[in-house]
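Protein chains in written order, with our numbering: chain A, 2 to 237; chain B, 8 to 502.
Keep in mind that the hints are not guaranteed to be accurate.
Stated by the list, open to error - DEER-style ranges, computed between Cβ atoms:
#1 B/K46 <-> A/V80: 55 to 61 Å
#2 A/T101 <-> B/R493: 20 to 26 Å
#3 A/R91 <-> B/R30: 38 to 44 Å
#4 A/P199 <-> B/M480: 33 to 39 Å
#5 A/D86 <-> B/R255: 45 to 51 Å
#6 B/D223 <-> A/D8: 56 to 62 Å
#7 B/E414 <-> A/D8: 38 to 44 Å
#8 B/M480 <-> A/T225: 33 to 39 Å
#9 A/L186 <-> B/G366: 56 to 62 Å
#10 B/E432 <-> A/D86: 33 to 39 Å
#11 A/R213 <-> B/T309: 51 to 57 Å
What the hints assert, rightly or not - Derived, one-sided and incomplete: chain A residues facing chain B with beta-carbon distance under 8 Å:
#12 Q34
#13 L47
#14 L48
#15 N54
#16 N55
#17 W89
#18 V93
#19 F96
#20 W97
#21 E98
#22 G100
#23 F182
#24 S183
#25 F211
#26 R213
#27 G214
FYI, nobody ran anything at the bench for these hints, they're computed from the structure.
Where a beta carbon is used, it is the ideal one built from N, C-alpha and C, also for glycine.
Here is what each chain is made of, one letter per residue.
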Amino acid sequence: MVRNIGDILEERLRYESDGLLLEARLAYDQHIQPTCAALIAGAHPLLGGHAENNVAQSLRTDLAAAGVAAMTFNYRGVVRDDGSDLDWSRMVSEFWERGTVPEEALWGRDAQSALRELRRCIEVPVVLVGYSFGCWIVSRLVDCATPAAVICVSPNPNQHDMPALQADHGPLLVISSDDDFSCSLDELRCWFADLPAPKQHSLIPQAEHFFRGREQEVSAAATTFLAGAGLIGDQP
Amino acid sequence: MRTVFLTGATGFLGHYVLRDLLRQDDVRVRVLLSPRLEKTQARLKRLLGDIGLDLDAANTSHRVEFVEGRLPDALDDDSLRGVHTILHVAASTRFRSNREGDPARSNVEGTAALLDAARITGVQKFVFVSTAYDGGLTSGCLPESPAPACAPDANDYERSKFEAEKRVLQWSAPDRQVRIVRPSILIGDEKYGRATSFGGIYTLARAVELLARAADQDASIDRRAIPLRIVGSPQAFVNVAPVCWASRHLTHIALTDAPTGAVINLVNPSPPTSDDVRRWLEDVFDVGGGRFTQETWPWTDTSAWEDAFYAAGEQVRAYLGRDVTFETTYLASVGESHPLVDATHFQKAVRFARDARWGRSSTRVAGAEDSHFDPARYFEEFVPSRLPQSSVASIKSFSAVVRYVIEGLRNGEWVCRYNAGRLMETHRGPNTLNEDFGFRIQRDAFERLVTGRKSLQSAYFQAEAEIFGNTLMALKMTPIIDTFIREHPLPAPQG
Numbered sequence: 002m003v004r005n006i007g008d009i010l011e012e013r014l015r016y017e018s019d020g021l022l023l024e025a026r027l028a029y030d031q032h033i034q035p036t037c038a039a040l041i042a043g044a045h046p047l048l049g050g051h052a053e054n055n056v057a058q059s060l061r062t063d064l065a066a067a068g069v070a071a072m073t074f075n076y077r078g079v080v081r082d083d084g085s086d087l088d089w090s091r092m093v094s095e096f097w098e099r100g101t102v103p104e105e106a107l108w109g110r111d112a113q114s115a116l117r118e119l120r121r122c123i124e125v126p127v128v129l130v131g132y133s134f135g136c137w138i139v140s141r142l143v144d145c146a147t148p149a150a151v152i153c154v155s156p157n158p159n160q161h162d163m164p165a166l167q168a169d170h171g172p173l174l175v176i177s178s179d180d181d182f183s184c185s186l187d188e189l190r191c192w193f194a195d196l197p198a199p200k201q202h203s204l205i206p207q208a209e210h211f212f213r214g215r216e217q218e219v220s221a222a223a224t225t226f227l228a229g230a231g232l233i234g235d236q237p
Numbered sequence: 008m009r010t011v012f013l014t015g016a017t018g019f020l021g022h023y024v025l026r027d028l029l030r031q032d033d034v035r036v037r038v039l040l041s042p043r044l045e046k047t048q049a050r051l052k053r054l055l056g057d058i059g060l061d062l063d064a065a066n067t068s069h070r071v072e073f074v075e076g077r078l079p080d081a082l083d084d085d086s087l088r089g090v091h092t093i094l095h096v097a098a099s100t101r102f103r104s105n106r107e108g109d110p111a112r113s114n115v116e117g118t119a120a121l122l123d124a125a126r127i128t129g130v131q132k133f134v135f136v137s138t139a140y141d142g143g144l145t146s147g148c149l150p151e152s153p154a155p156a157c158a159p160d161a162n163d164y165e166r167s168k169f170e171a172e173k174r175v176l177q178w179s180a181p182d183r184q185v186r187i188v189r190p191s192i193l194i195g196d197e198k199y200g201r202a203t204s205f206g207g208i209y210t211l212a213r214a215v216e217l218l219a220r221a222a223d224q225d226a227s228i229d230r231r232a233i234p235l236r237i238v239g240s241p242q243a244f245v246n247v248a249p250v251c252w253a254s255r256h257l258t259h260i261a262l263t264d265a266p267t268g269a270v271i272n273l274v275n276p277s278p279p280t281s282d283d284v285r286r287w288l289e290d291v292f293d294v295g296g297g298r299f300t301q302e303t304w305p306w307t308d309t310s311a312w313e314d315a316f317y318a319a320g321e322q323v324r325a326y327l328g329r330d331v332t333f334e335t336t337y338l339a340s341v342g343e344s345h346p347l348v349d350a351t352h353f354q355k356a357v358r359f360a361r362d363a364r365w366g367r368s369s370t371r372v373a374g375a376e377d378s379h380f381d382p383a384r385y386f387e388e389f390v391p392s393r394l395p396q397s398s399v400a401s402i403k404s405f406s407a408v409v410r411y412v413i414e415g416l417r418n419g420e421w422v423c424r425y426n427a428g429r430l431m432e433t434h435r436g437p438n439t440l441n442e443d444f445g446f447r448i449q450r451d452a453f454e455r456l457v458t459g460r461k462s463l464q465s466a467y468f469q470a471e472a473e474i475f476g477n478t479l480m481a482l483k484m485t486p487i488i489d490t491f492i493r494e495h496p497l498p499a500p501q502g
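Could you put the whole structure together from the sequences, leaning on the hints where they help?
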């Protein structure tokens with residue numbers, strides 16, 4: 002299925018992960034040859050992390066408008082009829098109790114599969130973009146994906162270790178707010194200071210963890226960063 | 008098949024009793040209805056329909072018949088022919104006598120007329136519904152035995168019941184059984200708080216509403232600290248019980264020949280205190296500041312607030328200014344020992360009455376199938392009834408106090424305390440439990456949410472809902488709420 006939004010085409014894809022057919026959406030400008038592709042890993046599935054999450058969806062369309070082939074994807078279990086046999090009730094229970102569930106590793110595998118699908122669709126350098134829990138997901142892809150750049154939006158190093166980001170991974174952009182409930186600005190700056198260069202930190206004040214109504218500021222920071230890294234052309 | 012003659016069937020207690028009688032297999036009920044029969048019968052049909060009984064179906068099976076009449080002077084000679092038991096529920100509940108002579112005319116003369124007719128026609132059992140405050144007792148323990156005397160300051164209603172009891176006891180004979188049942192103050196049913204008359208304890212609730220309205224008009228007053236003296240002791244009991252419960256017991260007493268005493272106190276074995284009632288009412292109407300006093304009434308220095316409060320009626324003092332306990336031998340014999348009314352039930356009953364404008368408008372009770380969306384019923388009836396069936400109930404670690412604020416709805420706040428996956432209590436209003444976190448959501452968005460047309464997470468990300476308090480806990484709660492709604496969506500409105 003293809004959706005036409007101005008010059009932007011959105012393809013609804015199915016990608017295969019551990020035998021499951023999961024949903025992804027790939028957006029691109031039909032008049033521009035993409036210079037890079039972005040895999041956008043969304044928030045935690047138990048916290049509204051799906052392909053149409055406000056931040057993920059905004060990044061997908063805005064990056065596409067900037068000449069990037071941008072893909073968001075659903076983790077298994079997010080769409081209840083995707084064939085996965087996840088015990089949602091148990092997950093909800095465990096998540097309430099511990100704030101984490103064992104299925105997170107499976108969702109990491111889904112991201113790997115989505116990355117394979119993206120690369121099958123288009124052969125250009127890949128940028129990994131993570132939002133919230135998605136930052137942890139992309140950190141697990143860094144080693145094997147050799148990305149052209151990494152963008153982390155609202156990372157939460159208090160909750161998730163992301164040791165791969167400590168190694169050489171190409172240009173890194175961290176986008177955060179100064180009133181993120183999950184990680185204070187001081188904590189984030191401390192974590193950021195330990196990361197290797199090249200790196201940038203873009204602060205969007207008073208946007209909380211979720212950037213509700215401020216999504217375009219996130220997209221603008223991302224496209225500016227990618228332009229600076231030479232991965233996309235001039236802004237339209 | 009035993010035939011029971013029932014009076015007062017269109018009353019608050021009486022129509023529940025008729026329903027419960029007709030639910031028994033081996034009972035035929037003859038109902039005394041006041042003229043005009045057709046009109047009263049139609050009213051009764053509506054009342055019974057609201058509580059789930061199809062009167063036409065009962066009619067078809069010849070389980071119920073109607074006779075027209077009025078006590079004390081318009082009872083047809085044939086009315087009691089073939090009757091085994093009389094269940095006399097009809098009463099006037101006026102506290103002070105009117106020009107027609109009520110309550111004495113209905114309660115004393117009416118009962119006497121019925122007893123005379125019963126004597127002539129050979130009725131074997133007479134069950135008389137009296138009052139737990141028989142004789143105007145204001146302190147001490149009321150035994151399950153005839154009251155020796157009437158208190159000097161008893162009101163006319165209490166006096167009439169005392170006199171009627173005496174006549175009923177005089178009717179007793181070796182071949183005639185008498186039961187005098189003394190129900191406590193009745194309030195609406197457990198499920199919806201439904202009631203059809205709003206005197207009694209409701210007068211007290213209405214007084215608090217008047218107080219709240221006065222506070223609405225006065226910007227200078229802190230409505231949580233209104234200087235109001237309340238007559239009585241905070242530890243005194245207010246013996247309220249649900250109408251359905253009373254009806255079930257009354258039906259049982261009428262239909263069985265169990266060896267009980269002639270007098271039965273049908274009261275709440277573990278009633279709330281006056282202070283409980285004060286807190287519950289203040290909570291409903293979002294006011295505060297009431298304090299109990301033992302100062303002797305009447306006062307000469309009442310404030311405008313006290314004038315507003317006590318203007319609601321004599322019952323206001325009657326229900327708070329007493330300190331009475333009850334012998335409960337009968338209830339103990341049937342194993343009834345638990346509290347019958349808690350904050351949730353009491354407040355539900357008060358809200359029902361308020362929404363029914365204290366009887367000035369017709370408020371029909373809808374079941375869970377009703378698609379009309381009412382946030383109060385959702386929080387106070389739907390969720391408590393469905394949560395135990397949900398997988399959320401298995402989340403034993405789930406304990407939290409959550410406030411829900413529904414924007415665009417007057418007094419649209421509910422605080423729910425969950426413990427080990429169970430909903431322990433729900434309070435309406437802003438001044439109850441301290442929440443761990445809460446959700447603020449527009450009423451229309453909330454309707455889409457609970458009908459499963461939108462998830463709470465989506466509503467939040469689209470800025471249709473807000474979180475306050477502990478954000479992390481609130482976010483972790485969202486999949487729990489969404490799980491519950493997915494399993495138990497409220498039926499969407501039609502059209």
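The hints, checked one at a time:
1. B/K46 <-> A/V80: 55 to 61 Å: 59 Å, holds
2. A/T101 <-> B/R493: 20 to 26 Å: 22 Å, holds
3. A/R91 <-> B/R30: 38 to 44 Å: This hint holds: roughly 42 Å between Cβ atoms.
4. A/P199 <-> B/M480: 33 to 39 Å: 38 Å, holds
5. A/D86 <-> B/R255: 45 to 51 Å: Between A/D86 and B/R255, where Cβ atoms are some 47 Å apart, the hint holds.
6. B/D223 <-> A/D8: 56 to 62 Å: This hint holds: roughly 57 Å between Cβ atoms.
7. B/E414 <-> A/D8: 38 to 44 Å: Roughly 39 Å apart at Cβ, these two residues keep to the hinted range, so it holds.
8. B/M480 <-> A/T225: 33 to 39 Å: 35 Å, holds
9. A/L186 <-> B/G366: 56 to 62 Å: 59 Å, holds
10. B/E432 <-> A/D86: 33 to 39 Å: Given range 33 to 39 Å: holds, Cβ gap about 37 Å.
11. A/R213 <-> B/T309: 51 to 57 Å: 53 Å, holds
12. Q34: 33 Å, violated
13. L47: OK, holds: A/L47 within 8 Å of chain B, min 5 Å.
14. L48: The hint holds - A/L48 has a Cβ within 8 Å of chain B, the shortest such distance being about 5 Å.
15. N54: With Cβ-Cβ at 7 Å, under 8 Å, it holds.
16. N55: 5 Å, holds
17. W89: It holds, given that the least Cβ distance between A/W89 and chain B is near 7 Å, below 8 Å.
18. V93: 5 Å, holds
19. F96: A/F96 check passes; min Cβ-Cβ to chain B is 6 Å, inside 8 Å.
20. W97: 5 Å, holds
21. E98: With Cβ-Cβ at 4 Å, under 8 Å, it holds.
22. G100: Check passed: Cβ of A/G100 comes within 7 Å of chain B, closer than 8 Å.
23. F182: 4 Å, holds
24. S183: 7 Å, holds
25. F211: With a minimum Cβ separation of about 6 Å from chain B (threshold 8 Å), the hint on A/F211 holds.
26. R213: With a minimum Cβ separation of about 5 Å from chain B (threshold 8 Å), the hint on A/R213 holds.
27. G214: 6 Å, holds
Taken one by one, the earlier hints fail for this structure only at number 12.
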